[in-house]
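A.B. asks: One-letter residues, chain by chain:
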Amino acid sequence: MKIDKKEKAVVVIGSGPGGAQVAYQLTKQGIPVVLLEAGRRIMKEEYVNEEWPAFSQMAWLDKRTMTGNSRIVKDFNGLPTWLVKAVGGTATHWAGATPRFLDYEWKTKSTYGSIDGATLMDWPIDGKEMKPYYVKAENAIGSTHRGGRPPLPANNNYKVFAEGAKRNGYKFYATGPYGTNAAPYDGRPASIQDGFNFQGDKSGAKWNPNVSEIPKALATGKLELRTNSQAVQITTDSSGKADGVLYMDTKTKALHRQEAKVICVAGNSIETPRLFLMSASSRFPNGLANSSDQVGRNYMRHLTGSVYATFDKPVNFFRGETMAGFLADEVKHNPKRGFAGGYYLETLALGPSFLGAFLDPGKWGKKFADMMDGYQNMAGMWIVGEDMPQANNRITLGSAKDAFGLPAPNVHFDDHPNDTAMRNHAYEKGEAIYKAVGAKQTYRVTPYPHTHNLGSMRMSAKAKDGVVDKHGRCHDVKNLFVSDGSVMTTGAACNPTLTITALAIRQGEYLADQLKKGNV
Amino acid sequence: MKITRRELLISAGSLLAYSQLGSLANAEVNIAAQPGDQEMIASMCKALYPHDRFPMNIYMDIAAGAIKKGNADTGAKISFRAGLDGLKINKFDKMNFKKQTKYLKSIENTPFFGLVRGHTVVALYDHKEVHKIFGYEGASFDRGGYKDGEYNDLSWLPEPRIEEHPDLTAFLDDSSPKKYASLKIKKTF
Ligand SMILES: Cc1cc2nc3c(=O)[nH]c(=O)nc-3n(C[C@H](O)[C@H](O)[C@H](O)COP(=O)(O)OP(=O)(O)OC[C@H]3O[C@@H](n4cnc5c(N)ncnc54)[C@H](O)[C@@H]3O)c2cc1C
Numbered sequence: 001m002k003i004d005k006k007e008k009a010v011v012v013i014g015s016g017p018g019g020a021q022v023a024y025q026l027t028k029q030g031i032p033v034v035l036l037e038a039g040r041r042i043m044k045e046e047y048v049n050e051e052w053p054a055f056s057q058m059a060w061l062d063k064r065t066m067t068g069n070s071r072i073v074k075d076f077n078g079l080p081t082w083l084v085k086a087v088g089g090t091a092t093h094w095a096g097a098t099p100r101f102l103d104y105e106w107k108t109k110s111t112y113g114s115i116d117g118a119t120l121m122d123w124p125i126d127g128k129e130m131k132p133y134y135v136k137a138e139n140a141i142g143s144t145h146r147g148g149r150p151p152l153p154a155n156n157n158y159k160v161f162a163e164g165a166k167r168n169g170y171k172f173y174a175t176g177p178y179g180t181n182a183a184p185y186d187g188r189p190a191s192i193q194d195g196f197n198f199q200g201d202k203s204g205a206k207w208n209p210n211v212s213e214i215p216k217a218l219a220t221g222k223l224e225l226r227t228n229s230q231a232v233q234i235t236t237d238s239s240g241k242a243d244g245v246l247y248m249d250t251k252t253k254a255l256h257r258q259e260a261k262v263i264c265v266a267g268n269s270i271e272t273p274r275l276f277l278m279s280a281s282s283r284f285p286n287g288l289a290n291s292s293d294q295v296g297r298n299y300m301r302h303l304t305g306s307v308y309a310t311f312d313k314p315v316n317f318f319r320g321e322t323m324a325g326f327l328a329d330e331v332k333h334n335p336k337r338g339f340a341g342g343y344y345l346e347t348l349a350l351g352p353s354f355l356g357a358f359l360d361p362g363k364w365g366k367k368f369a370d371m372m373d374g375y376q377n378m379a380g381m382w383i384v385g386e387d388m389p390q391a392n393n394r395i396t397l398g399s400a401k402d403a404f405g406l407p408a409p410n411v412h413f414d415d416h417p418n419d420t421a422m423r424n425h426a427y428e429k430g431e432a433i434y435k436a437v438g439a440k441q442t443y444r445v446t447p448y449p450h451t452h453n454l455g456s457m458r459m460s461a462k463a464k465d466g467v468v469d470k471h472g473r474c475h476d477v478k479n480l481f482v483s484d485g486s487v488m489t490t491g492a493a494c495n496p497t498l499t500i501t502a503l504a505i506r507q508g509e510y511l512a513d514q515l516k517k518g519n520v
Numbered sequence: 001m002k003i004t005r006r007e008l009l010i011s012a013g014s015l016l017a018y019s020q021l022g023s024l025a026n027a028e029v030n031i032a033a034q035p036g037d038q039e040m041i042a043s044m045c046k047a048l049y050p051h052d053r054f055p056m057n058i059y060m061d062i063a064a065g066a067i068k069k070g071n072a073d074t075g076a077k078i079s080f081r082a083g084l085d086g087l088k089i090n091k092f093d094k095m096n097f098k099k100q101t102k103y104l105k106s107i108e109n110t111p112f113f114g115l116v117r118g119h120t121v122v123a124l125y126d127h128k129e130v131h132k133i134f135g136y137e138g139a140s141f142d143r144g145g146y147k148d149g150e151y152n153d154l155s156w157l158p159e160p161r162i163e164e165h166p167d168l169t170a171f172l173d174d175s176s177p178k179k180y181a182s183l184k185i186k187k188t189f
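Just so you know, the protein sequences line up as chains A and B, in that order.
Under this note's numbering, the first sequence has 493 at position 493, and the numbering climbs by one with no breaks.
Under this note's numbering, the second sequence has 117 at position 117, and the numbering climbs by one with no breaks.
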């Protein structure tokens, strides 16, 4: 469908899990949508099964800077995050783990109480309200172990993980839930165990919007997908409502304007606040919808880290699915461990190319080489847990400019002591898992550039505490919505995309209803 | 451009050295163009990431790439020249491994070291021959993926359960905010 630029349209910005889902929910109900995506559409045949070439093919490499006490500041300064600029968004890279929030994780302020330096806050929604949307999200993604869908088989990396977990007395390990088909589902095939999930997954067994919501929305005939179209400013009318989007053709650098009646922003937790800050005007001097001064604040990246281990005998952990092992025993809040919140352990395999870069950035010498030398006998896992929201962990417009002359975002991130305590606990438990099955050498790996980017456009009951309300609608601008993970009030322990999807389905249904009633 | 960005990711310390690969063609004075220079750099690459299993030709490939970057711009050239000179004067390639490590430690903060190390860690572990030696098989899509009996051929541990534990749902569902709020945190940092 072609939508005139002069027509006041529903405009969605960003085609990742958040944006694509909202666009699909609306078009499915007959509402025309213009979807602006900064990247291009890469079809699955084009995906490259090599780590660095695939990274160059799709990563968001526009200039960003970083400050704070995180090691990434030193090791990967130009690349604080690991995000994708392409149709389907970062889910092109994603591994597919789909756990849900626990009930108390919607209410961390009430549950954990006050923690110094942390800006914990309860979400204005709860687990009961979200339950039906989680079911819809799991069915949209096709999560294994859910909705009658079978589990993925055990690969070698999982065998080491599961037995080590068992010998440590853990119970809650399994090969999922993951958003990669174990059996054909929703027109997509079963996994052929070819790995390279992070590189897009050529077979299409892995869910991502580029192989699901985007083609479905296009099939409704109501979607206009404009690729290479990067939104750079949202404009407002004299009443303070959003009335248009200025966007640039990233190829020709020509600037265009789309008139809008409703705008949903889903550019992920750095680009979304950046766009709001770049949309400052005389009416909104601190940035659009920022009367609370919360735009860009409370940015979270999850507590992460990895543990790798080498053994006497071969593992060949690179064979098969990249991630296909999941452990939930440590997820429950248990302050006796010395920190609030909890974490999951998930299997993860990297090729030698990425492993060399990420195992211990900056390190050299015999110990490092010996670890790499054990590649064939190696197993690996990733840690993901709740990190503490902090007001000064924050996205701002820096003084540096990107290649388009736009202010590059600066990402400031300091670990909270709770994060550090949790990471150390998880390292110990991860190592114990591998030691129980005979690890020769174990290695604690610091966080990779951020893959889970959350917060920065906080959802809150009161306008003074956050940017958006419980439907993701801006407190200050009633026809402006945020549809990605940046709305997260707090991040919970779980990987975020299932929740982003559930929230987007909920928002899409709400917005369709409001549009039909003429309330926006 | 692709290569520039890739290395930008890995070696933040030497960003400047990498930022102008494009001007290579017009270089007049080339650094590390003497006989033996590539071997000298290769010995440094090997001391940085020592693998007995890797034949020297792999390190020679890596050295060639490092030298190319050392010639990328004037800044890279002058630091690379000085660094290489240091290796030669100290007969780095004739030192034993322990001495080499000690020497490398002493120059760890130089741009030359940053450039060679940053290049080596990326290029070495991305090298096709290294992948072979490591037993890394890489892409399998064209042959229909890793087969049953390949991706799960590990036999030194028992076959694990793949389904979730029957108690998992109850464990996750038991998460009422009220109940968990009663677990008091003593330390608030
Ligand atoms: C290696 C890796 C593994 C991961 N594994 C998991 C996992 O196992 N489980 C899980 O839950 N999550 C995982 N994630 C995270 C997951 O990918 C993200 O949570 C998810 O993609 C976020 O969705 P989103 O829609 O908020 O943003 P994104 O997916 O980042 O989409 C944002 C889109 O908006 C576009 N955009 C940005 N700014 C603009 C603009 N101004 N104009 C137009 N378009 C714009 C971008 O190009 C992009 O396409 C992983 C991520 C990585 C990198």
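Think of the hints as simulated: they come from the structure by calculation, not from any bench.
Here the structure is a predicted model, which is why all the values come from computation and not from measurement.
Treat the hints with care, as some may be off.
With a Cα cut of at most 27 Å, we get these calculated DSS-like pairs of lysine-lysine [unchecked claim]:
(1) B/Lys179 to A/Lys366
(2) B/Lys179 to A/Lys470
(3) A/Lys367 to B/Lys98
(4) A/Lys109 to B/Lys88
(5) A/Lys366 to B/Lys178
Far from chain B by the CB rule (all over 10 Å, computed), these chain A residues [what the hints assert, rightly or not]:
(6) Thr111
(7) Lys159
(8) Val232
(9) Ser292
We treat Cβ as the ideally placed atom computed from N, Cα and C, and that holds for glycine.
A.B. asks: Does each hint hold? Answer for all of them.
C.D. replies: The hints, checked one at a time:
1. B/Lys179 to A/Lys366: Roughly 50 Å separates the two Cα atoms, so the pair is violated.
2. B/Lys179 to A/Lys470: This hinted pair holds, its Cα atoms lying about 24 Å apart.
3. A/Lys367 to B/Lys98: Distance of about 13 Å is within 27 Å: holds.
4. A/Lys109 to B/Lys88: 62 Å, violated
5. A/Lys366 to B/Lys178: 52 Å, violated
6. Thr111: 5 Å, violated
7. Lys159: 5 Å, violated
8. Val232: Label holds. Min Cβ-Cβ 22 Å, cutoff 10 Å.
9. Ser292: 25 Å, holds
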